[in-house]
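Protein chains: 2
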Amino acid sequence: MRIALLAHEKFPDRAKTAVGVMRYGDHEVVAVVDRDNAGKRVNDLIDDVPDAPVVASMSEVEDEVDGLLIGIAPIGGGFDESWRPDVRNALERGLEVVSGLHYFLAEDDEFARLAAEHGGELWDVRKPSPDLTVADGVADEVSAEVVLTVGTDCSVGKMTTTLELVAAAEDAGYDAAFVPTGQTGIMIAGWGNPIDRVVSDFTAGAVEEMILEVGDDHDVVFVEGQGSIVHPAYSAVTCGILHGSMADKLVLCHEHDRDSVHGYDQELPPLPEYVSLYESLAAPVHETEVVAGALNTRGVDGDDAAREAVESYADTIDVPATDPVRFGMDEVLDDIL
Amino acid sequence: MRIALLAHEKFPDRAKTAVGVMRYGDHEVVAVVDRDNAGKRVNDLIDDVPDAPVVASMSEVEDEVDGLLIGIAPIGGGFDESWRPDVRNALERGLEVVSGLHYFLAEDDEFARLAAEHGGELWDVRKPSPDLTVADGVADEVSAEVVLTVGTDCSVGKMTTTLELVAAAEDAGYDAAFVPTGQTGIMIAGWGNPIDRVVSDFTAGAVEEMILEVGDDHDVVFVEGQGSIVHPAYSAVTCGILHGSMADKLVLCHEHDRDSVHGYDQELPPLPEYVSLYESLAAPVHETEVVAGALNTRGVDGDDAAREAVESYADTIDVPATDPVRFGMDEVLDDIL
Chain Y
0 MRIALLAHEK FPDRAKTAVG VMRYGDHEVV AVVDRDNAGK RVNDLIDDVP
50 DAPVVASMSE VEDEVDGLLI GIAPIGGGFD ESWRPDVRNA LERGLEVVSG
100 LHYFLAEDDE FARLAAEHGG ELWDVRKPSP DLTVADGVAD EVSAEVVLTV
150 GTDCSVGKMT TTLELVAAAE DAGYDAAFVP TGQTGIMIAG WGNPIDRVVS
200 DFTAGAVEEM ILEVGDDHDV VFVEGQGSIV HPAYSAVTCG ILHGSMADKL
250 VLCHEHDRDS VHGYDQELPP LPEYVSLYES LAAPVHETEV VAGALNTRGV
300 DGDDAAREAV ESYADTIDVP ATDPVRFGMD EVLDDIL
Chain F
0 MRIALLAHEK FPDRAKTAVG VMRYGDHEVV AVVDRDNAGK RVNDLIDDVP
50 DAPVVASMSE VEDEVDGLLI GIAPIGGGFD ESWRPDVRNA LERGLEVVSG
100 LHYFLAEDDE FARLAAEHGG ELWDVRKPSP DLTVADGVAD EVSAEVVLTV
150 GTDCSVGKMT TTLELVAAAE DAGYDAAFVP TGQTGIMIAG WGNPIDRVVS
200 DFTAGAVEEM ILEVGDDHDV VFVEGQGSIV HPAYSAVTCG ILHGSMADKL
250 VLCHEHDRDS VHGYDQELPP LPEYVSLYES LAAPVHETEV VAGALNTRGV
300 DGDDAAREAV ESYADTIDVP ATDPVRFGMD EVLDDIL
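Same order as they appear, the protein sequences are chains Y and F.
Each residue of the first sequence is one higher than the last, beginning at 0 in numbering that gives the first Met the number 0.
Each residue of the second sequence is one higher than the last, beginning at 0 in numbering that gives the first Met the number 0.
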């Protein structure tokens, strides 16, 4: 699928979804729509993704494109009215528009009408499927090994770790699948249930349903984790993913020097406690163990200091560890598979 | 509020909501609507609740009534069309109709129109408030002691234990509040968030919101727990309630001889493991401890055998225990408050 990525005024540093899609998605990105950087090339701004032109509006995007993907998420998840001409243009051309906003484009009268008139499609990835239901406790029946990333907090790198694991496993010759659970992961994968938006009773069931969908067609399934099991607001989502996935193995993700819950007045417990908490909580539903660690060292200056931080992290949680971005997942892949 | 309870063909044994409302609610029940038992009295059928006539239809209910409460929940939560004349009659009289069904009465065209025409009200207790959001992690700031019932499985008696705790605390002179989390509890209390129906990201937030609402006006708040922390489908709800409530104390509810998850092929872990799991999972958010046990001995013949089962349960989990229905909560109230 050839897509344009909408990322007005935020590309690349505050366009996590756009950059994630460029880095990990199977889409061919034909243009980034960002009025602030129009005229530049993507690789003028960021270098580890395929190059593409940056244009000021959707009307400047060449004809050979199948979809427009909203690649930024403003605080609150609203729709910025300055984007309306771009979405309108895409729908008038009969394209698919994909959005992870809280504001559902399919419920916008003009967009719904244009999509119907011109044969375009609107996919709000945050809107859960109406067919979800409670878990049957059978995710362990798939033939694939199921590996779940779990975290010490939000935003420590679980999605990146999961996607790097998929890439490393494929490089090593495994047939690997990615099971996304959040809107960016879903936009990268092109399918998936937004676990944080489903009815709480269906949290585990919505994960199980995805594992059943892909688990017999692959050697290994890597499930994107969310939140943390001791997060004061999001632990329910984490717990539902842990039990619904019935993961065989866990990878514990952490950010170096993070010592309190982001945005909350709560200290993180000692790191080894996460290992025992995740394992003991999972065990009655499905035995599992933390087999590797992924440390986010974006705040560490220099590879030597980062290497030291990773080694200390590995010692603390008593399993091999790496920084998936800085050092790659190859170093620990054998410990996982 | 004077109410009629709809319980066609299921009163009393399969009318858990109706009986719960009669036993624990503040409503004055003026009639039970059950075509199978019409002409009898409530106390001909069940003896530990206030008496009332049983009638065949809502049209036979005397005028001095404020509401009709749907006191039964068919499998699947649908609306039985044979109840339509009763609901229609109530709405034509301008009454409030309260329902815990999955099928929302307010979205039924005829019911919505009748309610509007006659000034009646429709309250679907399973429909979450649109104002819910993520937890701030501040439920521990209320002045009341917060006590949460937790369980080894679904349907072991958490709601009953919670309501018996409220009654025992009030008898002992405490100003106690009940925080309901499921539809029957909400119908008994007349307010509350249906935690199993909220968006998973808001699970903890929806509990926190209720505790903030009542926690400064009472000595103690008893929170109704849901599910179990190792339930393959519902653990997300349990985890969100545990962290959102920031409970100071836990009461562990169990049914005698239950050794596997109801409806699932999964053994329960040893009982002491529940104590350590609930406590260790809660601690990073808010320190808590299991201070008492509530054992459901409905399957045990005779008080002597039940007493023995309770004592064995207390020994196993190493805290005082009782059966709230058979022996009352007084026995352990001092250990809780």
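Honestly, the hints are just simulated from the structure, not real lab data.
Treat each hint with caution, since some may be false.
[To be verified] To be clear about the criterion: a stretch of chain F counts as covered by chain Y if any three or more of its residues have a C-beta under 8 Å from a C-beta of chain Y, and this derived list gives those stretches:
#1 171-182
#2 192-198
#3 202-214
#4 223-235
#5 257-267
#6 279-288
For glycine and all other residues, C-beta sits at the position ideal for the given N, C-alpha and C.
Status of the hints after comparison with the structure:
Under a criterion of three residues with beta carbons nearer than 8 Å to beta carbons of chain Y, the stated coverage of the segment 171-182 of chain F fails, only 0 such residues being counted. Interface restraint, the segment 192-198 of chain F with chain Y: holds (5 residues with C-beta to C-beta distance below 8 Å; minimum three). Given a C-beta distance limit of less than 8 Å, the hint that chain Y covers the segment 202-214 of chain F holds, as 3 residues qualify and 3 suffice. A count of 8 residues in the segment 223-235 of chain F with a Cβ less than 8 Å from any Cβ of chain Y is obtained; the coverage claim is therefore met, three being the minimum.
Here's how the segment 257-267 of chain F fares: 6 of its residues keep a CB closer than 8 Å to some CB of chain Y, so the rule of at least three is met and the hint holds. Residue count for the segment 279-288 of chain F with a Cβ under 8 Å from a Cβ of chain Y: 5. That meets the three needed, and the coverage hint holds.
The structure shown violates just one earlier hint, number 1.
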